[in-house]
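Listed here are the chains, written in short residue letters.
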Amino acid sequence: DIVMTQSPATLSVSPGERATLFCRASQSVTGYLTWYQQKPGQAPRLLLYGVSTRATDIPARFSGSGSGTEFTLTISSLQSEDFAVYYCQQYNSWPLTFGGGTRVELK
Amino acid sequence: QVQLVESGGDAIQPGGSLRLSCAASGFALSDFGMHWVRQGPGKGLEWVAFNRYDGTSANYAESVKGRFTIYRDNSQNTLYLEVDSLTVDDTGVYFCAKDLSPRNGLSWLGFGGPGTLVTVSS
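Chains as they are written, first to last, in my numbering: chain A, 1 to 107; chain B, 1001 to 1122.
Check before you lean on any hint, since a few could be wrong.
[Said to hold, decoys possible] Here are a few chain B residues that face chain A, going by a calculated C-beta distance under 10 Å:
#, residue
1, K1043
2, L1109
3, F1111
[Claimed, not checked] Derived lysine-lysine pairs resembling BS3-like cross-links, with alpha carbons at most 25 Å apart:
#, chain 1, residue 1, chain 2, residue 2
4, B, K1043, A, K39
5, A, K107, B, K1043
6, A, K39, A, K107
7, B, K1065, B, K1043
[As the list claims (entries may be wrong)] Just a sample of chain A residues kept apart from chain B, beta carbon distances all over 10 Å, derived:
#, residue
8, G68
9, S80
10, E81
Think of the hints as simulated: they come from the structure by calculation, not from any bench. A virtual CB, placed ideally from N, CA and C, is assigned to each residue, including glycine.
Isolated chain B, as found in the complex (with noise of 0.2 Å):
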């Protein structure tokens, strides 16, 4: 069964940082590209950045540009997000999902875990 575990989530100061992990279980990470996708308090969802099925290359929100880095490790099966100089707009929920379709990235989403939280506050 495919489960998608997100964590690192916490409470931090604006200009801090933080390092999100995707644990995948139930399929091989390094035959997919997987994203992550962000859901502000009672907000919608905005999408965040994209890693290649081998981690060769990136696409990244303009939001968060220079700031965030997506990277994964396939042999511990895991996706991750370096969050840094972030601020209030950033606080939310953290989902990762999987890249469904054949067009590396441009792609429906499969969602799999509950997130994790992030909140930016002084």
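Isolated chain A, as found in the complex (with noise of 0.2 Å):
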């Protein structure tokens, strides 16, 4: 199985500040590679497919790059409903995996 680390498990940010994320692959991915938001009590709603694709409504705030095994989420300026936690998942190969999460915290 594809193994997805994501680092950091948590960061702490202010409003109006840059954020990155990062997601990395035990093997390369190629640019099977998609992003999630999820709130408390709520399902996962996709950000981003294909590494860099942004899903329907997805603010250009949200943004990817990377490829193989190595990949970024960066959210350019942090609104207020951008507090949540991130996973990244490979569709690559089966079976599909997904990384631990990061909690994007208010600073």
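Assembling the complex is the task here: the two chains are given apart, and the hints tell you how they should meet.
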């Protein structure tokens, strides 16, 4: 199985600041990498797929980059509604696997 | 508007069985592969199972293989997950999700509902 490792586990950020989240795969997933946002008591919300393609209605402040085994999610200017847990997921091969998540909290 | 509504979760003893349901609306289930994903209390997301759009094939996580069965009734626009021989490690919220890529399950996922809670405890 491909192991997805996210860092940091928790990121403390002030509103308006830039947040950078990392996701590493134990082997190459080429460009088959997606990101989700999850708030307490809610289902995950799709943010990006194919590393950098924003899903419907996702604001432009969310961007993704990377390839192979190293990926980054950047939130350019954090808004109050962005405080949540973020997960990466690979869909290069079975089984689908998720990272352990990064919690973005208010500094 | 696309909606997925999960149900069937319950508190149950180890070794028990449940049938989870996912009622889809706003789209034809027969057009999409579907997944189940679970989340243990305070934990991350774990992919559980995938069912092809026509129900002719399925994939499972090793942790549930032989105990869980994913199937669908496209005429009722409903996806199911039969969960048997439950253990405490199966405790969590179970979400259903749409398969959004053309790669037959190797995909990013579209979630839509709040999930259904399964609690396995003696």
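Earlier hints that do not hold, by number: Nothing - there is no hint that the structure violates, so all of them hold.
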